[in-house]
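*Asks:* Sequence:
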Amino acid sequence: MSTCKRKEQNRSGDERLRQKSRLFQISLWVSLILFQMIVIESMKVYASEHMPERKVESEGQKITIYSENYQKEEECQEPAGSYWTKEGVEYVLTFWEREQITVPAQSCLVIKKGFCEGVEGITKLPESVTAKVEREGKQTEVKYLLEEKSVIKEEWQDGFTFPVTFHKYDADYYWLRDRLVEKGEEKPHLEGCEDLLLEEIGVSPEFYQITDISWDGGSYEDEKGERCRNAVAFGRKRVQDYQLLYQGVAEFPEYEMWRVAAVYELPATKQKVQEKSETIREAPLIVQIEEEGPASAAEPTLWERITRTLLITIAVGAMLFFGGLLTLAALWGKRAFLPYGRKRSRERR
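Taken in order, the sequence shown gives residues 1 to 349; the numbers are from the working numbering.
Heads up, some of the hints might be wrong.
Think about it this way: if two alpha-carbon atoms lie no more than 30 Å apart in a straight line, the pair counts; the simulated DSSO-like pairs of lysine-lysine are [claimed, not checked]:
1) Lys153 - Lys183
2) Lys124 - Lys55
3) Lys183 - Lys237
4) Lys113 - Lys149
Because the hints were derived from the structure by calculation, they are not lab data.
Please work from the sequences and hints to get the whole structure.
*Replies:* Pasting the structure below:
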């Protein structure tokens, strides 16, 4: 067999390998669609338009409380007989009624949070999903767009396999793109061609690795009479767990609802007490101030006390000092004039 003819046969075998790869890709795209359906089912609403809380209106001695909205009049329940404020004041129910209201058209932001486990590199996360949102019994369809995605876990797993078919098995060499590959008797000689083989089936070496290739059965003749032999490539794949965040806007048209309006008042006794307390609070405070003598003067400051104490101490010290001087002077005078007194007394004798 000439080299040119053998080359053509090898290229024909390579084309069939590509056909096998395309079938493999189709199966992967089918799994992608199934995966998108799983994503939609796994998503959970964690932030959306909240149901309106009951409304409280206060006017003088009365408080009006509106319940949440109901779809039907008969769903409105009779309110409680009393109402307690945060301050611990009790109001008694005096009147209530069911009333129909019109809820205006509204747009609200809705967010869905989902988790996807075991996502392979070939799998594409859906950029948008459509789901229904319910508010007060009214439903609307919302298109969510993927806003954030983050990998929360990843690992390499075994179990990645795909088929490889060698056509024209009686040839000694095969073409894999521009690479000439030897057939091999015990196993296909595809060492060093792993990345090319992965690219042939449309996957990235970043997420898939081939660790081994072995024959899958003996040779056979296909429908065209060519000698063929199947092989299986084994490897591992990198799988990731994702946290997804989708966001959309829900448009709700105008609709009719029912609610309960309950009027509460203070009991008569408490009204009188409250009116009396309000009168006391509102009355002007009159204080009469009578003038008093010096004893009612303002209390001296600390500095005034220290100054007064110091002056008293100095005065007492000065009095003691001058008193001591006078005492010394008297003693000195007595001692000085004592001899003269004795002499005069002798002369008198």
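*Asks:* Compare the structure with the hints numbered earlier in the document and write down the numbers of the violated ones, lowest to highest.
*Replies:* 1 and 2
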